[in-house]
Amino acid sequence: MTSSTELKMTVYSSLFVALIAIGAFISIPIGPVPIVLQNMFVLLASIILGPLWGLASVAVYLVIGLAGLPVFAGGTSGIGKLFGPTGGYLLGYLPCVFITASISKGLGKKMSSDIIAMLIGSLIVYAAGVPWLKVVTSMTFQKALAVGMVPFLIGDALKILAAAFIAKTLRPVVKL
Amino acid sequence: MPKAIIDIKDLSFIFDDGFRGLNHISLSINQGEFIILAGKNGSGKTTFLRHLNGLLMPTSGTIRVNGLEISKHLIETRKTVGMVFQDPDTQMVGDTVFDEVAFGPENLKITRARIKEIVTKVLETLNLFHLKDRNPSTLSGGEKRKVAIAGILVMDPQVIVFDEPFSNLDYPGILQVLATIMDLHRAGQTVMIATHDIEPVIFEATRMIIMEKGSVKEDDVPLNLVGRLESYGVREPCFSKFGLEPQSWQK
Amino acid sequence: MAEITPFTYRPGDSILHLLDTRLKFFIISLVNISMLPAGFISTGFYFFMLLFFFKKTGLRFFSMLSNMKFFLILLVFVFLARAFTITGDTVFSSFGVTVSNQGLAEGGMVAFKFFLIMLTGIIFSATTKPSSVKTAVQWFLKPVPFVPEKRVAVMISLALCFMPVILRQAKEVSDAQKARCAHLQKNPIRKTIGIVLPLLKKTFLSADNLILAMESRCYSDDRTDPEFNPSGKERGFFFGSIAVSICLILF
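Protein chains in written order, with numbering that gives the first Met the number 0: chain H, 0 to 175; chain U, 0 to 250; chain S, 0 to 250.
These aren't lab readings, by the way, just hints derived from the structure by calculation. Do not take every clue at face value.
In the BS3-like style, the derived pairs of lysine-lysine whose C-alpha atoms are separated by at most 25 Å in a straight line are [unchecked claim]:
| hint | chain 1 | residue 1 | chain 2 | residue 2 |
| --- | --- | --- | --- | --- |
| 1 | S | Lys128 | S | Lys232 |
| 2 | S | Lys200 | H | Lys108 |
| 3 | U | Lys108 | S | Lys128 |
| 4 | S | Lys200 | H | Lys167 |
| 5 | U | Lys115 | S | Lys128 |
| 6 | U | Lys108 | S | Lys141 |
| 7 | U | Lys39 | S | Lys201 |
| 8 | H | Lys167 | S | Lys170 |
| 9 | S | Lys68 | S | Lys55 |
| 10 | U | Lys131 | U | Lys120 |
| 11 | H | Lys109 | S | Lys201 |
| 12 | S | Lys128 | U | Lys131 |
| 13 | S | Lys149 | U | Lys108 |
| 14 | S | Lys68 | H | Lys142 |
| 15 | H | Lys167 | S | Lys201 |
| 16 | U | Lys108 | U | Lys120 |
| 17 | S | Lys149 | U | Lys78 |
| 18 | H | Lys167 | S | Lys185 |
| 19 | S | Lys112 | H | Lys142 |
Just so it is clear, the structure is predicted and the values come from calculations on it, not from any experiment.
Work the whole structure out from these sequences, hints included.
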């Protein structure tokens, strides 16, 4: 890797750090539940940046949130948020980005493979987030699922389809 | 004979897609000049500028900065030829004005104490010191450009190249940036400005180069070219349109 | 970031603003961990201490609470879940749920502790400049193997610079969409694409410009180290925080 592609990846990854951070706050009003863009940017980071740089952007995002910059949803930040009730989702982004990126790369960066990769990636986020929510709040497992997963599934499906299309159009522009 | 800082011989550049960006350009840039690089959009101005500090490498031909071939002396070149880009928002890397200006010296691994000294000096010269703790994104358009200039000036370049320094600025902003550029020139700085709006600078410039389709079409003292500009897609300054005497924009 | 969250940095010169950021990290981690086994008395004591510091930051307590609505609702959930599931001396029992004394007490404590940890974080964010967060992160990452801490610091700076740019561009895109009656678009996928795709194209273009600007300013990973400006009161706060956490653990 030449130094200038490395610089390019550094800047693009930082761009995704910013997008993921802002994605927690901007939403698209669709129906009663607005679509929050954060996890879509995590998925896009994986498909566009690849496993290592995708992981780097999520890790840097978590580090600045952990370090107290107000980049987590709800405007709160720091160690309390990361280990609070919704911390599992945030930590789940780490395996999510790596696995999604690896699958998308392994299957050849086609639209269909991107969709499969993102589906698996989204499930990983819930696999980390829901049990965490259950333990921290001592809810029952059914309740944790009902509160922490079911309401978001339709939105997630929409986001994955949109993201697959966006990635397809963006790849030639980004030239990675 | 003035000293040539940048010496360009038969420079051509062809993009990846086969488009010919620059066509056999030969010229030199001398110490103390104030050059306008004019031409309509797509005439090759930006492509040309990017060769001056090694952001693009020639397909054929050579560029020497102070006698050194730039492809082999990138860091030297980039210290000698500073470049101020068009959109200040997308060239800011620091979250305070001070950090933003300190970015270049930090890359050169200058000591912290020395960085403090030179950044402070540049901020004071450009009258920006009172803004040093502000976030650059909260400044006015003119102030942002000045911060961008400070970030280049702090590297102590011999030539400063501006790409469209007046775009998207209001009138006070243009005057502010113009005054800064003029002060630099008077202090002996060599300046090159790429623009399609030559009105604010034509009176001050010592030389004007006009490009079209990647070639240099004219290279002369600005006032000699007035009257022929519009054939190259460059708007004539008002004084020539209305048959008046040229007048400085500077108050 | 100012528009999206009320918990951003507020410039000021209180002792909390001046304290070395690395020490603030240390204190927060220490206190948050010692909070886990803390009893009622010391937690209450800590709450009043926080209120005292909170006043110093100049934030308004109730406006902050209203901005934390979502989080507070979650805390109510946490409280209820504990109150219903922990068994002990029954307070009341109807519709098949039993609420015990112990459940109420424990649920209340857990929710209260989460709230205090949050409050600590808010005070930290309000009194710490993002750029000093960055340098402190860099300092803590230095001993961590395989992590290029200087590059991480540059990424943090860049991300902080991108945020206002992205927000501005997001607003432009959404206005442009509104002007073309995008609200009539009912297909949620098209709607999402219609906003996100232009936004990403724009931001990647900005990123490309930034890459050029950084290259022309000699970007290098091997940079001047950051510096820290301790206020001189670090020692007192260091021992103070240890005393507080001992109290939290014991009482």
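### Task
Take a quick look at whether U:Lys108 and S:Lys128 sit within 25 Å of each other, Cα to Cα.
24 Å, holds
### Task
Take the C-alpha atoms of H:Lys167 and S:Lys170, compute the straight-line distance between them, and say whether it is at most 25 Å.
The given pair, whose Cα atoms are some 24 Å apart, holds under the 25 Å limit.
### Query
Has the given pair, S:Lys128 with S:Lys232, been kept, meaning a C-alpha gap of at most 25 Å?
18 Å, holds
### Message
Check the hint pairing S:Lys112 with H:Lys142 against an upper bound of 25 Å on the C-alpha distance.
### Response
23 Å, holds
### Task
Could you grab the alpha-carbon distance between S:Lys200 and H:Lys108 and see if it respects the 25 Å cut-off?
This hinted pair holds, its Cα atoms lying about 19 Å apart.
### Query
Is S:Lys68 close enough to H:Lys142, meaning Cα to Cα at most 25 Å?
21 Å, holds
#### Entry: Satisfaction of hint between U:Lys78 and S:Lys149, Cα-Cα up to 25 Å
With a Cα-Cα distance of about 22 Å, the restraint between S:Lys149 and U:Lys78 holds, given a limit of 25 Å.
### Task
Quickly compare the C-alpha distance for S:Lys68 and S:Lys55 to 25 Å and report which way the hint goes.
23 Å, holds
### Task
Please work out if U:Lys115 and S:Lys128 have their alpha carbons no farther apart than 25 Å.
19 Å, holds
### Message
Please verify whether H:Lys167 and S:Lys201 have alpha carbons no more than 25 Å apart.
### Response
Status holds; Cα separation ~16 Å.
### Query
Holds or violated: are the alpha carbons of U:Lys108 and S:Lys141 at most 25 Å from each other?
Status holds; Cα separation ~17 Å.
### Query
When you check the alpha-carbon spacing of H:Lys109 and S:Lys201, does it fall within 25 Å?
The hint holds at about 24 Å.
Every hint from the earlier list agrees with this structure, and none is contradicted.
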